[in-house]
Amino acid sequence: MQRMNHQSDMQDTAEHVPFEEFRQGLPQGCFRVVVNPALAAAFVSQRTCAMPLAIALIGPGIAVALAGHPWIGGPLVAAGILLRWSIRTGAPRILLHLAARMPSVYEQATGHGVMEVRRADPAAALR
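For any residue, its number in my numbering is found by taking its place in the sequence shown, counting from 1, and adding 1059.
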């Protein structure tokens, strides 16, 4: 029979922090937020509708470039690619920004394992 100590038991089950408490305590450093970057990129992309917007820029950009206007089509394609890249690289920061302002984003992100919120250790903050 395997025995688990109490500390590892507590680490496995994270306490749910209500949105209002999170929103008020985040600027004071009351919480430690862990974001899964891979899940955050997909979550933020879906939440901000980045993929349809990128397609709306890239598709017509390619069509315009092939129609003989590369100086118009090229920047549209570049803007679509840049949009996707910036969402992917900045997803953790964007997610934290959205979660601190929108209860639905906070609940979805914490509920689906995209973001984990734990109370900060006050003793560690003083070191």
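What the hints contain is simulated information worked out from the structure, not anything from laboratory work. By construction, the Cβ of each residue, glycine as well, lies at the ideal position given by its N, Cα and C atoms. You may find that some hints are simply not true.
Beta-carbon label-pair distances, calculated as ranges [unchecked claim]:
| id | residue 1 | residue 2 | range |
| --- | --- | --- | --- |
| 1 | E1175 | E1079 | 31 to 39 Å |
| 2 | M1110 | G1084 | 40 to 48 Å |
| 3 | C1089 | G1172 | 34 to 42 Å |
| 4 | L1141 | G1172 | 39 to 47 Å |
| 5 | A1159 | A1126 | 19 to 27 Å |
| 6 | G1170 | I1114 | 23 to 31 Å |
| 7 | R1147 | G1088 | 46 to 54 Å |
| 8 | R1082 | P1111 | 42 to 50 Å |
| 9 | R1091 | H1128 | 47 to 55 Å |
| 10 | R1082 | H1128 | 45 to 53 Å |
| 11 | E1074 | I1131 | 20 to 28 Å |
| 12 | L1141 | A1097 | 17 to 25 Å |
| 13 | G1127 | C1089 | 15 to 23 Å |
| 14 | E1166 | S1145 | 30 to 38 Å |
Results for each hint:
1. Between E1175 and E1079 the C-beta distance comes to about 18 Å, which lies outside the given range of 31 to 39 Å.
2. In this structure the hint that M1110 and G1084 lie 40 to 48 Å apart at CB is violated, the actual value being about 33 Å.
3. Distance hint check: the CB atoms of C1089 and G1172 are about 21 Å apart, inconsistent with the given range 34 to 42 Å.
4. Our hint of 39 to 47 Å for L1141 and G1172 is violated, since their Cβ atoms are close to 29 Å apart.
5. In this structure the supplied range 19 to 27 Å is violated for A1159 paired with A1126, their Cβ-Cβ distance being about 44 Å.
6. Restraint check, G1170 to I1114: a C-beta distance of roughly 28 Å satisfies the suggested window 23 to 31 Å.
7. At about 27 Å, the beta-carbon gap between R1147 and G1088 misses the expected band of 46 to 54 Å.
8. For R1082 paired with P1111, a C-beta distance near 29 Å fails the hint of 42 to 50 Å.
9. The hinted range of 47 to 55 Å is satisfied by R1091 and H1128, whose Cβ atoms lie roughly 51 Å apart.
10. Between R1082 and H1128, the C-beta spacing of about 47 Å keeps the proposed range 45 to 53 Å intact.
11. Taken as a hint, the range 20 to 28 Å is violated for the pair E1074 and I1131, whose Cβ atoms sit roughly 54 Å apart.
12. The given range of 17 to 25 Å is respected by L1141 and A1097, whose C-beta atoms sit roughly 21 Å from each other.
13. Our hint of 15 to 23 Å for G1127 and C1089 is violated, since their Cβ atoms are close to 58 Å apart.
14. As the Cβ distance of E1166 to S1145 is approximately 25 Å, the hint placing it in 30 to 38 Å is violated.
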